[in-house]
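Given next are the chains, with one letter for each unit.
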Amino acid sequence: MADSGETGGPVKKDGIQQAKTEGKELTKEEKQRLRKEKKQQKKSKEKKDEKASQESEKEKKPVSSASPASQPPTQPITPKAPSAVPTLVPVPASETPAPADKPAKSKAEMKAERRARQEAERASKQGKKGEVGQQAAPGKPKAPPSELQPVVKRLPEHVQVDNPEVLKKLAKKLERQQTPEYNAATKVKIPLRSDYGYKVSLFSHLHQYSRKAPLTQQLSIPSTVIHPAIVRLGLQYSQGIVAGSNARSVALLHAFKQVIRDYTTPPNEELSRDLVNKLKPYISFLNQCRPLSASMGNAIKYIKKEISNIPSQCKEEEAKSKLLNCIDRYIDEKINLAAKAIAKSSIEKISDGDVILVYGCSSLVNHILCEAFEKNRKFRVIVVDSRPRLEGREALRRLVQRGISCTYVLISAVSYILPEVSKVFLGAHALLANGYVMSRVGTSQIALVAKAFNVPVLVCCETYKFCERVQTDSFVSNELDDPDDLIVTRKGKTQLEHWQEVPSLGLLNLVYDVTPPDFVDLVITDLGMIPCTSVPVVLRVKNVDQ
Amino acid sequence: MPGPDKETDLTERIEAFLSDLKRGGSGTGPLRGSAETARETTALLRRITAQARWSSAGDLMEIIRKEGRRMTAAQPSETTVGNMIRRVLKIIREEYARSRGSSEETDQQESLHKLLTSGGLSEENFRQHFAALKANVIEAINELLTELEGTTDNIAMQALEHIHSNEVIMTIGRSRTVESFLKDAARKRKFHVIVAECAPFCQGHKMATSLSEAGIETTVIADAAIFAVMSRVNKVIIGTQTVLANGGLRAVNGTHTLALAAKHHSTPLIVCAPMFKLSPQVRRLTNEPDFYNFCEILSKVNVHCPVFDYVPPELITLFISNIGGHAPSYIYRLMSELYHPEDHEL
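The listed protein sequences correspond, in order, to chains B and E. Here the first sequence stands for residues 1 to 546, where the numbers follow full-length UniProt numbering. Here the second sequence stands for residues 1 to 346, where the numbers follow full-length UniProt numbering.
With the rest of the complex left out, here is chain B (with noise of 0.2 Å):
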């Protein structure tokens, strides 16, 4: 973000914004952001003196009678500051952030300055304050941020439709989100999409957005903002051209490639904190065109983390190559690696003569058969395909060029077939903390289905995928995907074409659903074979290795 002198306007404001945009992002990186935190805070006590005319101007907003040295003073890191502090005084915390939305609005501002006093406070009297891993939520829309406990994770935006608030303020926080130009006056916004069609009222808190309106159309010419490479990722994303959980992932880790690559640094500012702010829009930007997914996020995350951890004497050049590096490497360990090791286990759970069962088209089940056939199996495929994506018929094109047999049904028909099966290869979008499965919708019905007829269920699914959230049904946190695609011509009529000029009428796509643990047999990982209930045991060894 600009130098807050440019913005001017409620400094204060913006500081919460960006808390927001912050807490948004990182909100699984307790760890991650204190330590941030500590070093920011080092640095500030080292360029105090620089940055005197910029603290003057972040004193207006929380309160600073307290040392402003202590504030870090760059734009960015101020709003960490308020957010990230580890418990301090018991902040009226009503933990729950649904309720007490608007008029907690300005208490949360309130909430905001006493907190960054504290901080203040507190920093100046304590170079460290210990490894909490608290989490206070930083300054969301809707509750008082909790100090206390990190229980409650901040509620992302793209659950909180129903809200209109929290759409105000993500119209605002789009506003606002320009990248670091050197020339204010083009407030060159992102866009902000709007809903598309009736929602259905059981799915009113997520968006619902037609792909025949997308963002690329809102943008202005030229758009500076954002980079081309991330322009054409979003237009990607939204029209369907990249789908499936890893291409996503890989698609935005060449795409930020690109864009470090493009990157040069503004004079007076660090590598470390302004890439990373100038990565916000491109984020919120991608977000709009369609939500990220759990791939994403921690790609993301560990971007970031990267970007961060620079140190400060490193030359331009070299930091840029030694991110490249490290996404290059992230991209090698997480996905091709671990789909290396994903297929040599599995393999040995693949016999001869089987008949196996996949769904749709996850790249690493594809992958996984490929290999076995490579290596001679014996088996054959039943591939299970179902409206309105059809993603099965990739698959087959796929498994079929190989040269292994297959048979393609609909999804209606899995309990027909399902007595020949035995075993159900499935791909996962994303593992929740609480064992769940989250994959493309109809895969929970054929694990159901499958554990009617005793058929063991196999998920495949790389551990970067893994996920801190929990869920236990497939309507608080989903994708709505566009209505109209339901819409079919049969025998030469098309039931559905008019349904919007039906007031009673709504049409559903959902994209995701949740399967619970027990209709899962087995999880294959990059790190070995675990049962479902295990995934918060892998979260844990991977947090503490970070």
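Note that these hints are calculated values from the structure, not bench results. Here the structure is a predicted model, which means the values were calculated and not measured. No residue lacks a Cβ here, since even glycine has one placed at the ideal position from N, Cα and C. Mixed in with the good hints there might be a few duds.
[Unchecked claim] When the alpha-carbon atoms are kept at most 27 Å apart in a straight line, the in silico DSSO-like pairs for lysine-lysine are as follows:
#1 B:K199 - E:K66
#2 E:K183 - B:K199
#3 E:K188 - E:K90
#4 E:K206 - E:K188
#5 B:K257 - B:K39
#6 E:K206 - B:K491
#7 B:K493 - E:K183
#8 B:K423 - E:K263
#9 E:K188 - E:K235
[Stated by the list, open to error] Quick list of simulated restraints, FRET-style, between CB atoms:
#10 E:M157 - B:L235: 52 to 60 Å
#11 E:N154 - B:V502: 28 to 36 Å
#12 B:V502 - E:R13: 38 to 46 Å
#13 B:V537 - E:N234: 36 to 44 Å
#14 B:D352 - E:D20: 43 to 51 Å
#15 B:L235 - E:E149: 55 to 63 Å
#16 E:K190 - B:Q401: 49 to 57 Å
#17 B:P456 - E:E337: 39 to 47 Å
#18 E:S165 - B:E165: 27 to 35 Å
#19 B:V502 - E:N142: 38 to 46 Å
Fit chain E to the given chain B structure using the hints.
Same frame as chain B, but now just chain E:
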């Protein structure tokens, strides 16, 4: 001459009916609903009774059996034809027994006691000639026809007993019975219906448009989302193609998945089926689905597109028929009232 003319006329009608049946099956889906098929079959049987040459009940039954075999062979998946034939055969037996005397009237069933004591029940060969038999049989068939015409309304009348307000009801595909059931309830209660579209033919779309035109809040979902939304559903109400002798169903494909999902969430599964769908068959282990080549992707791929699913009786909570509601365990009893055991195999 009235005789040969009537006969040729009759055979023409039978042929027309048979070709209709054949066409209805081999096209892109059933051209007519089961109710119409049942009605037409019964009407045709009445005509056969009226116009064919027969002297005793046994002859009539033979003729009907022969025609019946041809009809069921024309379209094996349309079981209502066979059901109606068996009903009419049972009617003939009853009328015959009534004409003969009242001894077997009260209990036509084979009970163990009867088998021991009388022994010769099945020697009945229906050879006696009764003048009034024809008229009686035709009258009884007329009653059957009236019953058939009123089935949908009878079922719909029970709707308010089963649907409370603000419910979320799920259904699959398109069933005229369920449609009128829900529309009837919608006159007095407000509720929400979720329709699974039932690919590949997507009959659910037509159901949804017609329900929403009646003012019912309807949502169309893809088949893949059935389990995902099931947790918010209060009741599942479906129609079926056939009710089997063990209380199981032969219904449109996807119903088994729906039933399993309902069982998992302990949601009651209610089947609206008029009595003429009750069939004395049990599930044939070699399931004969109808193969419809729906998508031609590559020639190296097998494509399966079964039209029907078998749903075992354990997954069903209630049957609603024109004579009231029954548990699946009671179906065998109903069947023995409708059909004579000797007619189970035509």
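Violated constraints from the hint list, given by number and in increasing order: Structure breaks hints 1 and 3.
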